[in-house]
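Each chain is listed here by its residues.
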Amino acid sequence: MTPDVPNPNRVLVIDDSEFIHKLVRVRLRKEGLEVRAEYSGREGLERSLEDVPDLILLDVDLPDMDGFEVCRRLKENQTTRHIPVIFLTGNVTTEAKVRGLDLGAVDYVTKPFDDVELRARVRAALRTKRLQDILEQQSYLDALTGLWNRAYLNHRVEAELKVSSRYGRSLGIVIGDIDHFKNLNDTYGHLFGDVVLQSLAEVFRVQARQSDIVTRYGGEEFVLLLTDTQLEGAMGLCERLGAAVEERLFVVRDERVTVTASFGVTTTEELDGELTPEALLGAADAALYASKQGGRNCSHAKTREGFVRIGSGDVPPGTFEGPETPKRRSKDRGTPTRS
Amino acid sequence: MEVSEAVPEGALYAFRGTLVEPIRSQYEDDPDMLELVQGFAADLPGRAQEIESRLDASALEDVQRLAHQLKGAGGGYGFPQITEAAATLEQAIKEGSGENVIKDRTRVLCDTLRAVTVSGVP
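If you read the sequences in order, they're chains W and R.
In terms of the working numbering, the first sequence opens at residue 4 and continues consecutively.
In terms of the working numbering, the second sequence opens at residue 333 and continues consecutively.
Worth flagging that the hints you see were computed from the coordinates, not collected in a lab.
Worth double-checking, as some hints may not be accurate.
Claimed, not checked - Below 35 Å or equal to it, Euclidean Cα-Cα: the simulated DSBU-like pairs (lysine-lysine) are:
(1) 25(W) / 435(R)
(2) 33(W) / 100(W)
(3) 426(R) / 25(W)
(4) 165(W) / 78(W)
(5) 185(W) / 295(W)
(6) 78(W) / 100(W)
(7) 78(W) / 25(W)
(8) 25(W) / 132(W)
(9) 132(W) / 78(W)
(10) 33(W) / 132(W)
(11) 426(R) / 100(W)
(12) 132(W) / 165(W)
(13) 426(R) / 78(W)
(14) 100(W) / 435(R)
(15) 100(W) / 25(W)
Isolated chain R (complex conformation) (with noise of 0.2 Å):
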């Protein structure tokens, strides 16, 4: 996932330097959670930048608590990849690990926020 000199080709997304493919939900094709997936991504992108903005502001115990939420709800959703780069946020934050680290790591989970596609959601 992370940057490479060139775009490769078929790689559709690049931000911020991290390159990601486009995550799809695993539930997708079951008709009873389409509608619900479609919600929960719509989400995402306000979700991206509310953590960016709390982390500016220094405020890590939001980041924390909005790390942790995704964590709990993104698998369920079908993005297994949401639950990962949250956890690693979480437990960064929770360690207390360096400005860098935690800086890292939400640009992950916030790249990984913004890559993901639903049918039926811009």
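Excised from the complex, chain W in its bound form (with noise of 0.2 Å):
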């Protein structure tokens, strides 16, 4: 897992006032937070949306709106309405108090402000923020294993979508799937099947580089997405990845025990049409499901010329002919089939 570098917390004031703008700046210092100011409701809306602090400070009496309305929006807004907001008032009548907390305030100081106090509920604010975003990014994490999960995955599958076609760049993907996973869990037990997940993602981790995605998609199977990455690139990782997972030395009740794993990849240019999260997905399970059948333990790539069995060179690359319409196979899949 690359989890995301914290940043020094930003706070943003909006408050019409240039002595509040730098007051706050110098009392804030002290808790090295990153200040940035605004002078009207419109503005401070704008900054909002772009930068998405840690925390707004907001002034009840601005010229164009008044502070209420300011965070009516900030609350209706999709992408800033997770922000704490404390207000500045130098109105202290309870009905005021009571109208921000109701719209989504987290708190307020009155003006002018008593620095200890003011730097306490700031600190407050952003204790709450901060275990608000753990939370958040809990439920994007695997248990078992650490890495990221399923939800997390569609969520950064469709931004990285976004983000590679804006910027012209080829986004990479590869599903692993653990071979013969119910058969390792039936002859040694679950939690030997869970040590192997565990171990698995490790590998997985550490041969990602720090800018791919993770993921324990679901079961034994494992997506990384690679970011700004071509289809050769992408064929490597899976060479490295299979011969990775073959070096994993298991021992139980005095046995060794190998796993391997078989894998699909693609990349957003070995692909036609529209490039949704589906068709991405679907493709590289389609070429996952060629590695299935083509005997498992290898990898095999989708691309504009069809399957392609990646290294070993005993097959001759493109004479494996997918399926036509690749579907998700629940029964199959980890199902060893000893033939």
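Fit the two chains together into the complex; they arrive one by one in their own frames, and the hints show the way.
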């Protein structure tokens, strides 16, 4: 897993007075925070969308629209709704406080504010925000392996497809599936199966680059999303992954057990038609199916010319004709059919 | 603070009949704050003038806005007196008080602003 590197917390101040901007900057400098400031509700909303700060200090009395309206719009927008808002207000009526809190603000500070109190309230809001971020991240993690999970992959595939089409970069995808995993489980027990999953997750994590997104897609299936990667590079990774899996030696009940995996790979450059997450995953899955059909412990790429077996050289490239319409196979996958 | 016939000994400032002792920032000794306080203080005489001229033009909305800003900032720069005087003026305008009350409170605020003294600011 490559966890997102935490940046210094960024605070946005929306207040029409430059004196408040300067004051907040100096006061929050001690907290190691990056402070930006805007003068109006409109500018503040634009900046919030662009920067997505970790905290917004929002004046109630703004020249163009009041702070309550700004807060309401922040909370309506998908991008900005999770940003905690602290109201800066000279108005201390209970009604105003309640109104702000009901709109989704986490706190309020009355102006003129006390330095120590301001910093304490900012710290508290950021603490809550951090926990919220951790919770969100955990919902995207696979508990057994610590890799990203399927929900995260679905979320990222979409985003990465957009990035790759915008910048004309190739996006690669690898699906790896442990061979005869059910058999391993049945023979050596589920605890052993778990050890294998954890160990291979580690292998994938080590082999992948920092910028790759390594996920446990489900069961014994792993998906790697390779940003800015051409087919050649993706194929090379498949070979390394296959070799690294085979090198891992497991010992169970004094028995040495090796595990193999099959891989399917493709990139956006090898696909025609609309580049959807389904198309990308489907093509890699079809290539994986080719590897399973081709005897397992091997890799195939879906290319413009058809399916190509990677490495080994036993089978000339392009000889395997993949299925016309790849379908997710629920029964076949992982069920060993010893032949 | 109100005028007395004779200026008492030790009083340094007497403006327009209101006697105000020099006002110093609570944060002047805070090295983080000194520069900010100096900048804020240097701006205050101009603010006072602006408030007075808006009042002369009967632009009460402007006076209220300026008072509001000073109310929010004053205490933060270590001048609770500014916040207090500005709040009193803002309140008077909000409540639609009589001309004399507003004039009086404007004078108190502006005298307070002019009484601010910070080392390094002439």
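Checked hints:
{"no.": "1", "hint": "25(W) / 435(R)", "verdict": "holds, 31 Å"}
{"no.": "2", "hint": "33(W) / 100(W)", "verdict": "holds, 27 Å"}
{"no.": "3", "hint": "426(R) / 25(W)", "verdict": "holds, 28 Å"}
{"no.": "4", "hint": "165(W) / 78(W)", "verdict": "holds, 25 Å"}
{"no.": "5", "hint": "185(W) / 295(W)", "verdict": "holds, 15 Å"}
{"no.": "6", "hint": "78(W) / 100(W)", "verdict": "holds, 17 Å"}
{"no.": "7", "hint": "78(W) / 25(W)", "verdict": "holds, 27 Å"}
{"no.": "8", "hint": "25(W) / 132(W)", "verdict": "holds, 24 Å"}
{"no.": "9", "hint": "132(W) / 78(W)", "verdict": "holds, 15 Å"}
{"no.": "10", "hint": "33(W) / 132(W)", "verdict": "holds, 19 Å"}
{"no.": "11", "hint": "426(R) / 100(W)", "verdict": "holds, 20 Å"}
{"no.": "12", "hint": "132(W) / 165(W)", "verdict": "holds, 28 Å"}
{"no.": "13", "hint": "426(R) / 78(W)", "verdict": "holds, 31 Å"}
{"no.": "14", "hint": "100(W) / 435(R)", "verdict": "holds, 32 Å"}
{"no.": "15", "hint": "100(W) / 25(W)", "verdict": "holds, 25 Å"}
In this structure, every one of the numbered hints holds.
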